[in-house]
Amino acid sequence: ILTIIILGLIQGITEFLPVSSSGHVLIASRILQNPSSFEFDVLVSFGTLFAVIIYYRTRLLEILSDLLKRRDLSLTLKLIVSTIPAIIIGFSLQGIIERYLHSVITVIIMLLAIGIVMVISNRWKPQESMAVNKDLHNITYSQALLIGLAQCISLVSGSSRSGVTMLAALKFGFTKKVAAEWSFLMSIPVILGASLKVLVSDAGLTFIKTETTAFIIANCISLLAGLAAIHILLNILQRNGLYWFGWYRIGLAIVLILLLSVKIL
1 ILTIIILGLI QGITEFLPVS SSGHVLIASR ILQNPSSFEF DVLVSFGTLF
51 AVIIYYRTRL LEILSDLLKR RDLSLTLKLI VSTIPAIIIG FSLQGIIERY
101 LHSVITVIIM LLAIGIVMVI SNRWKPQESM AVNKDLHNIT YSQALLIGLA
151 QCISLVSGSS RSGVTMLAAL KFGFTKKVAA EWSFLMSIPV ILGASLKVLV
201 SDAGLTFIKT ETTAFIIANC ISLLAGLAAI HILLNILQRN GLYWFGWYRI
251 GLAIVLILLL SVKIL
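So the sequence shown is numbered by my numbering: it starts at 1 and just counts up by one.
Note that these hints are calculated values from the structure, not bench results.
All residues carry an ideal CB built from backbone N, CA and C; glycine is no exception.
Just so you know, not all the hints are guaranteed correct.
[To be verified] Taking CB as the label site, the calculated pair distances span:
#1 Lys177 - Cys220: 46 to 54 Å
#2 Ile89 - Thr212: 43 to 51 Å
#3 Thr58 - Glu128: 18 to 26 Å
#4 Leu60 - Glu128: 24 to 32 Å
#5 Gly251 - Arg99: 41 to 49 Å
#6 Asp72 - Gln238: 28 to 36 Å
#7 Leu32 - Cys220: 14 to 22 Å
#8 Arg99 - Leu64: 32 to 40 Å
#9 Leu93 - Asp202: 16 to 24 Å
#10 Leu259 - Ser201: 19 to 27 Å
#11 Arg99 - Ile264: 18 to 26 Å
#12 Ile264 - Ile96: 37 to 45 Å
Build out the structure end to end from the sequences listed, making use of the hints.
Okay, here's the thing in structure tokens:
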């Protein structure tokens, strides 16, 4: 139970912080000598899914109102366009991702690579005049698609879905606040799609039946931790961007290399 609580807490905190939730869960499970399964890593995301829904409930209600009252499909369609690439690749290449891109070495490489980009991103300046920075409805379909393509990188352990999507949005000139909001809204269909796919698989159903208590506890913990993580990220992002998250990733990668060299991992 203690291991479940720890892994659920790590998942909830790191799902929205741009430091890679899958990477942290994988590393923590190795250190605890209780390897998490691919099914656990994905299904524990239900808690963080509800966290972003609760935190952005007002925006989501606006989108729902657009659909039902004003028959305005614009923002919904752009979200769909933004999530289609990751869903297609995730569904079609799940076996390859699980087998070859879910290892400690992969995590270290991606922590370093994206960490360096995050440090550099502090020099990128937002284009305050961009229409999307004044109203999220003004995001273009091409911007939505390109950020969606960037999101595909997050299918590799150690990348961070929130990290790569915010980096893409910042590079296109979005303000930090808008970049974060779009990234979080994008996470809803992606997390939901990935979780449901694993949930209805034979391995997922077996996990739920045999580890019901673990599933419930881990998701409750990740829900509460996820809410706190979103709040923390938005505060840090406004002041320092992704700069310090980048250095954290680089530092963690170095520590992991040392642990790997002495065969602790």
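Now the hints, each set against the structure:
no. : hint                        : result
1   : Lys177 - Cys220: 46 to 54 Å : violated, 29 Å
2   : Ile89 - Thr212: 43 to 51 Å  : violated, 31 Å
3   : Thr58 - Glu128: 18 to 26 Å  : holds, 24 Å
4   : Leu60 - Glu128: 24 to 32 Å  : holds, 26 Å
5   : Gly251 - Arg99: 41 to 49 Å  : violated, 29 Å
6   : Asp72 - Gln238: 28 to 36 Å  : holds, 29 Å
7   : Leu32 - Cys220: 14 to 22 Å  : holds, 19 Å
8   : Arg99 - Leu64: 32 to 40 Å   : holds, 39 Å
9   : Leu93 - Asp202: 16 to 24 Å  : holds, 19 Å
10  : Leu259 - Ser201: 19 to 27 Å : violated, 32 Å
11  : Arg99 - Ile264: 18 to 26 Å  : holds, 24 Å
12  : Ile264 - Ile96: 37 to 45 Å  : violated, 28 Å
Hint compliance for this structure: hints 1, 2, 5, 10, 12 are broken, all remaining hints hold.
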